[in-house]
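**Student:** Chain by chain, the residues run as shown.
There are 2 protein chains.
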Amino acid sequence: MTNPQFLMLVITGPSGAGKSSILKALPEEEFYFSVSHTTRAPRPGEVHGKDYYFISEKEFKEKIEKGEFLEWVKVHDTYYGTSKAEIEKAFSQGKHIVFDIEINGATRLKYLFKEQAVFVFIAPPDFSELEKRLLKRGTESKEKIEKRLLRAKEELKFIPWFDYVIINEDLETSISLLKSIIVAESARPYRLKALSLILNQVL
Amino acid sequence: MTNPQFLMLVITGPSGAGKSSILKALPEEEFYFSVSHTTRAPRPGEVHGKDYYFISEKEFKEKIEKGEFLEWVKVHDTYYGTSKAEIEKAFSQGKHIVFDIEINGATRLKYLFKEQAVFVFIAPPDFSELEKRLLKRGTESKEKIEKRLLRAKEELKFIPWFDYVIINEDLETSISLLKSIIVAESARPYRLKALSLILNQVL
Numbered sequence: 001m002t003n004p005q006f007l008m009l010v011i012t013g014p015s016g017a018g019k020s021s022i023l024k025a026l027p028e029e030e031f032y033f034s035v036s037h038t039t040r041a042p043r044p045g046e047v048h049g050k051d052y053y054f055i056s057e058k059e060f061k062e063k064i065e066k067g068e069f070l071e072w073v074k075v076h077d078t079y080y081g082t083s084k085a086e087i088e089k090a091f092s093q094g095k096h097i098v099f100d101i102e103i104n105g106a107t108r109l110k111y112l113f114k115e116q117a118v119f120v121f122i123a124p125p126d127f128s129e130l131e132k133r134l135l136k137r138g139t140e141s142k143e144k145i146e147k148r149l150l151r152a153k154e155e156l157k158f159i160p161w162f163d164y165v166i167i168n169e170d171l172e173t174s175i176s177l178l179k180s181i182i183v184a185e186s187a188r189p190y191r192l193k194a195l196s197l198i199l200n201q202v203l
Numbered sequence: 001m002t003n004p005q006f007l008m009l010v011i012t013g014p015s016g017a018g019k020s021s022i023l024k025a026l027p028e029e030e031f032y033f034s035v036s037h038t039t040r041a042p043r044p045g046e047v048h049g050k051d052y053y054f055i056s057e058k059e060f061k062e063k064i065e066k067g068e069f070l071e072w073v074k075v076h077d078t079y080y081g082t083s084k085a086e087i088e089k090a091f092s093q094g095k096h097i098v099f100d101i102e103i104n105g106a107t108r109l110k111y112l113f114k115e116q117a118v119f120v121f122i123a124p125p126d127f128s129e130l131e132k133r134l135l136k137r138g139t140e141s142k143e144k145i146e147k148r149l150l151r152a153k154e155e156l157k158f159i160p161w162f163d164y165v166i167i168n169e170d171l172e173t174s175i176s177l178l179k180s181i182i183v184a185e186s187a188r189p190y191r192l193k194a195l196s197l198i199l200n201q202v203l
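Protein chains in written order, with the numbering used here: chain A, 1 to 203; chain B, 1 to 203.
In isolation and in its complexed conformation, chain A is listed as follows (with noise of 0.2 Å):
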């Protein structure tokens, strides 16, 4: 199903760490951006198919039935879930899949692809800075903040186990980061096409 010539990319980090604005840096030349499925309501300009596919609980469920899905989780109410379809977009295409992924999607994945894929969590430099940056936003309720504090702190607590973290202080930095793991994670060995030819001829 894999090529290994193409990364799977899983990108994790709390809402606020900064996450969608590197993610945007990696041209869609090159990457796919696996698109999820939720039952949350789309919020103004989100587009359906690209943002998420928005679909009703009932449809949600049904695909569960079908065996579907590669992972789905429900956070506060809401299902989210990425279609083993997905996969099969992105390397028909040539290109290296990126899921941006909550925490327990990642933990899926993890399971599901081990050392196959590669797991980065993008990180805040330090809790209490994350706050100010969902206040900030001003986007959403004390509550739903708090909630969303509560369920980053969960998620911080996984970092150690990611293979890459990327401590997102200045943004330029972290992007370049990114491309530097996704380079560096394209010279290994098992990913190497070419390397085929020299194997060849020694052994």
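By construction, these hints were calculated from the structure, which means they are not laboratory data.
One copy or two, it doesn't matter: identical chains are merged, so the pair holds either way.
Below, computed lysine-lysine pairings styled on DSS-like, alpha-carbon distance capped at 27 Å: (1) K132 to K193; (2) K193 to K153; (3) K157 to K193; (4) K24 to K179; (5) K74 to K84; (6) K61 to K74; (7) K84 to K24; (8) K84 to K179.
Position chain B relative to chain A; hints supplied.
**Tutor:** This is chain B only, laid out in the frame that chain A set:
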């Protein structure tokens, strides 16, 4: 003994693959290049304490006896060894340490350091290319070159066991790849001192 913030970088690759040209690009302010001991005579221009510590076979054997070597090997009647003191020197200067080392030395370091060190193989684009490069040098007899090629063949068999491989087609690309590997490896959770702040806040 070791500080996880500082990398132990083990670089292996056959002569003619372009190892030294790539390593020259790493700044001396950040990288300490481990100097090996050898019993071979210095070539014109080689400096004791910089290229190698040139010592006699008697002195070399005494150091073996005293357990001063991290690893040592005998290649083509010449002894080569890495003294334990090199690591102390690097870390006391607050630098990453780079071991430019042939495959048997690298294998011993793998046994000693396992996941602690980063193992990078620098390979020629293909085996016949290596032959061409070695012949072009013209500093050695045909017999010596053939010995080197045979040895190179043995070394190349190890590539899939390394963490990363740099197929050196273009020097600038290879240098930039090595730098990306170093940046990426510095983003390993276990190498990030700043992470302890976050963990203290959430665990």
